[in-house]
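Engineer: Please model the entire structure based on the sequences and the hints provided.
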Amino acid sequence: MPKLKSNRGAAKRFKATASGQYKRSCSHARHILTKKSPKRKRQLRGTTLVAKADVQLVRRLLPYD
Numbered sequence: 041m042p043k044l045k046s047n048r049g050a051a052k053r054f055k056a057t058a059s060g061q062y063k064r065s066c067s068h069a070r071h072i073l074t075k076k077s078p079k080r081k082r083q084l085r086g087t088t089l090v091a092k093a094d095v096q097l098v099r100r101l102l103p104y105d
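Mapped onto the numbering used here, the consecutive letters of the sequence shown carry residue numbers 41 to 105.
Pairs of lysine-lysine, BS3-like flavour, derived with a Cα cap of 27 Å:
{"#": "1", "residue 1": "Lys-81", "residue 2": "Lys-52"}
{"#": "2", "residue 1": "Lys-63", "residue 2": "Lys-81"}
{"#": "3", "residue 1": "Lys-63", "residue 2": "Lys-43"}
{"#": "4", "residue 1": "Lys-92", "residue 2": "Lys-55"}
{"#": "5", "residue 1": "Lys-63", "residue 2": "Lys-76"}
{"#": "6", "residue 1": "Lys-79", "residue 2": "Lys-63"}
{"#": "7", "residue 1": "Lys-92", "residue 2": "Lys-52"}
{"#": "8", "residue 1": "Lys-45", "residue 2": "Lys-55"}
{"#": "9", "residue 1": "Lys-92", "residue 2": "Lys-63"}
{"#": "10", "residue 1": "Lys-43", "residue 2": "Lys-55"}
{"#": "11", "residue 1": "Lys-45", "residue 2": "Lys-63"}
{"#": "12", "residue 1": "Lys-52", "residue 2": "Lys-76"}
{"#": "13", "residue 1": "Lys-79", "residue 2": "Lys-55"}
{"#": "14", "residue 1": "Lys-63", "residue 2": "Lys-52"}
{"#": "15", "residue 1": "Lys-55", "residue 2": "Lys-81"}
{"#": "16", "residue 1": "Lys-81", "residue 2": "Lys-92"}
{"#": "17", "residue 1": "Lys-45", "residue 2": "Lys-92"}
These are computed hints drawn from the structure, not numbers from a lab. Small disclaimer: the values here were computed from a predicted structure and weren't measured.
Structural biologist: Have a look at this one:
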């Protein structure tokens, strides 16, 4: 069985935590920022965890993480 390739787009977007969950950055924080409130932009700064429904998909894209 050959080695599996990681999806390179997913590898740049998701990072596995020590407990096996996946971190991701928040969306909607890149452009058209003038209409968004300072509170909203501030809350989009950090990272969050991938939803439980999407973890299986991310795990398939990143076989060695």
